[in-house]
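Model the full structure from these sequences, guided by the hints.
Residue numbers (the numbering used here), protein chains in the order written: chain V, 150 to 287; chain L, 8 to 198.
Hint data in this document are derived by calculation from the structure and do not stem from the laboratory. Errors might be hidden in some of the hints.
[Claimed, not checked] Listed next, the in silico DSS-like pairs over lysine-lysine satisfying Cα-Cα at most 30 Å (straight line): (1) L/Lys62 - L/Lys168; (2) V/Lys282 - V/Lys162; (3) V/Lys282 - L/Lys168; (4) L/Lys140 - L/Lys161; (5) L/Lys48 - V/Lys162; (6) L/Lys48 - V/Lys275; (7) V/Lys275 - L/Lys29; (8) V/Lys282 - V/Lys227; (9) L/Lys62 - L/Lys184; (10) V/Lys251 - V/Lys285; (11) V/Lys275 - L/Lys184; (12) L/Lys140 - L/Lys62; (13) L/Lys184 - L/Lys48; (14) V/Lys275 - L/Lys140; (15) V/Lys246 - V/Lys162; (16) V/Lys251 - L/Lys161; (17) L/Lys48 - L/Lys62; (18) V/Lys195 - V/Lys180; (19) L/Lys140 - L/Lys48; (20) L/Lys161 - L/Lys184; (21) V/Lys227 - L/Lys48; (22) V/Lys180 - V/Lys282.
[Stated by the list, open to error] Taking beta-carbon pairs under 8 Å as the criterion, some of the chain V residues facing chain L (in silico): (23) Arg218; (24) Tyr256; (25) Ala261; (26) Asn262; (27) Pro263; (28) Asn277.
[Stated by the list, open to error] Far from chain L, by Cβ distances over 12 Å, these chain V residues were calculated: (29) Ala178; (30) Leu189; (31) Glu193; (32) Gln243; (33) Lys251; (34) Val260; (35) Val287.
Keep in mind that this is a model prediction, so the values were computed, not measured. We put the CB at the ideal spot given by N, CA and C, even for glycine.
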Amino acid sequence: MGIKVVCASVIGKSNNPLYIRCFDSTEEALKFHYIVHSALDVVEEKSTAKKGASLDLYLGMLYPTEDYRVYGYTTNSKIKFIIVVQEDGDSHDQAIKNFFRKFHVLYANTVANPFYTPDDLITSRKFNEELEKQVKTV
Amino acid sequence: MAQKGARPYDRIGEQVFAKVDKINAELFTLTYGSIVTQLVKDYEDLGEVNTQLEKMGYNIGVRLIEEFLARSNVGRCADFTETAEVVAKVGFKMFLGITANVTDWDAEKKEFSLVLDDNPLTEFVELPESYNKLWYANILCGVIRGALEMVQMKVEATYVKCVLHGHDASEIRVVLKEILTDEIPASMRDE
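This is the structure in structure tokens:
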């Protein structure tokens with residue numbers, strides 16, 4: 150498979166990070182935190198530019214760096230999902246879209262937990278485990 | 008273990024379940040979740056929350072039994088073992104859409120365990136670390152106690168295992184304390 154998700158993150162309404170998880174142990178996590186943070190600007194730009202577009206949720210590729218590409222997905226509740234992937238060659242847009250959809254469902258299930266307050270850091274063990282599984286099967 | 012009465016109850020359970028009104032499962036789960044979190048905020052002591060949930064369940068049970076008897080048309084149970092089967096297969100099916108399993112009878116047939124593989128109340132729920140003492144779905148214990156009391160059985164129901172605590176299934180232990188025989192005059196009993 151050509152894609153490897155190296156970092157997945159959930160960003161809250163006020164651009165506060167709710168969850169950042171890096172799946173690549175060779176790189177320093179801080180580098181990914183930085184990439185995700187700079188991606189937020191692109192997200193802002195894309196979401197204000199589109200008006201009434203039906204495929205609001207998937208934002209597509211936000212920007213490429215030397216080894217990675219960053220993809221974004223926003224929800225109507227202003228929660229953003231940003232992932233950093235390592236791809237070879239052609240872009241597997243459909244697979245990325247599917248991943249985001251599953252990620253979104255996973256997030257919704259986690260929010261349904263009555264002990265979780267929205268806009269809190271996500272510390273759910275189930276969320277972690279499920280996300281790992283999804284990342285492996287992307 | 009006598010399984011003869013078990014299969015008809017499964018079928019009865021499904022028939023009754025098909026006839027009753029349904030509600031969206033997520034709404035139900037979220038409503039119960041907010042009840043529990045509110046109780047936790049109000050009482051702060053988890054043991055107290057367990058007690059309150061049980062009391063709420065008791066109030067639900069004493070009313071729910073009438074609905075159950077009216078809809079399910081299940082006749083009198085010959086003994087406590089039959090009661091257990093009816094509760095597990097018809098009662099749980101009718102109100103929660105799940106069937107429970109009756110296991111672990113004691114020698115005198117006065118205690119049994121109800122094992123629930125999945126429970127709509129606990130869908131999506133993850134207990135935070137410090138909540139080990141909380142029996143999240145304790146309301147069910149109260150419901151069982153309330154309902155059985157209205158049919159002349161005084162029981163105690165307590166949670167012994169819960170999926171939210173890491174066990175693979177939830178288990179409620181039901182103990183028959185006494186049969187209340189003098190409550191209803193013979194003229195009001197129907198055969």
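Hinted pair V/Lys275 and L/Lys29, Cα distance within 30 Å: 29 Å, holds
Satisfaction of hint between L/Lys168 and V/Lys282, Cα-Cα up to 30 Å: 27 Å, holds
Does V/Lys162 sit within 30 Å of L/Lys48, going by the straight-line distance between their CA atoms? 26 Å, holds
Below or equal to 30 Å on CA atoms is what counts here, so check L/Lys140 against L/Lys62. 17 Å, holds
Given the hint that V/Lys227 pairs with L/Lys48, does the C-alpha gap stay at or below 30 Å? 28 Å, holds
If you draw a straight line from the CA of V/Lys282 to the CA of V/Lys227, is it 30 Å or shorter? Roughly 25 Å separates the two Cα atoms, so the pair holds.
Is the straight-line distance between the alpha-carbon of V/Lys246 and that of V/Lys162 30 Å or less? 21 Å, holds
Would the non-interface assignment of V/Glu193 survive a Cβ cutoff of 12 Å against chain L? Non-interface label on V/Glu193 holds, nearest chain L Cβ at 31 Å vs cutoff 12 Å.
With the threshold set at 30 Å, check whether the alpha-carbon distance from L/Lys48 to V/Lys275 stays at or below it. Distance of about 24 Å is within 30 Å: holds.
Can the hint on V/Asn277 be confirmed by a CB-to-CB distance to chain L that is less than 8 Å? Since the shortest Cβ distance to chain L is 11 Å, the answer is violated.
Given pair status - V/Lys162, V/Lys282, alpha carbons within 30 Å: Holds, at roughly 26 Å.
Taking the closest Cβ pair, is V/Tyr256 under 8 Å from chain L? 12 Å, violated
In this structure, the earlier hints numbered 11, 13, 16, 23, 24, 28, 34 are contradicted, and the remaining ones agree with it.
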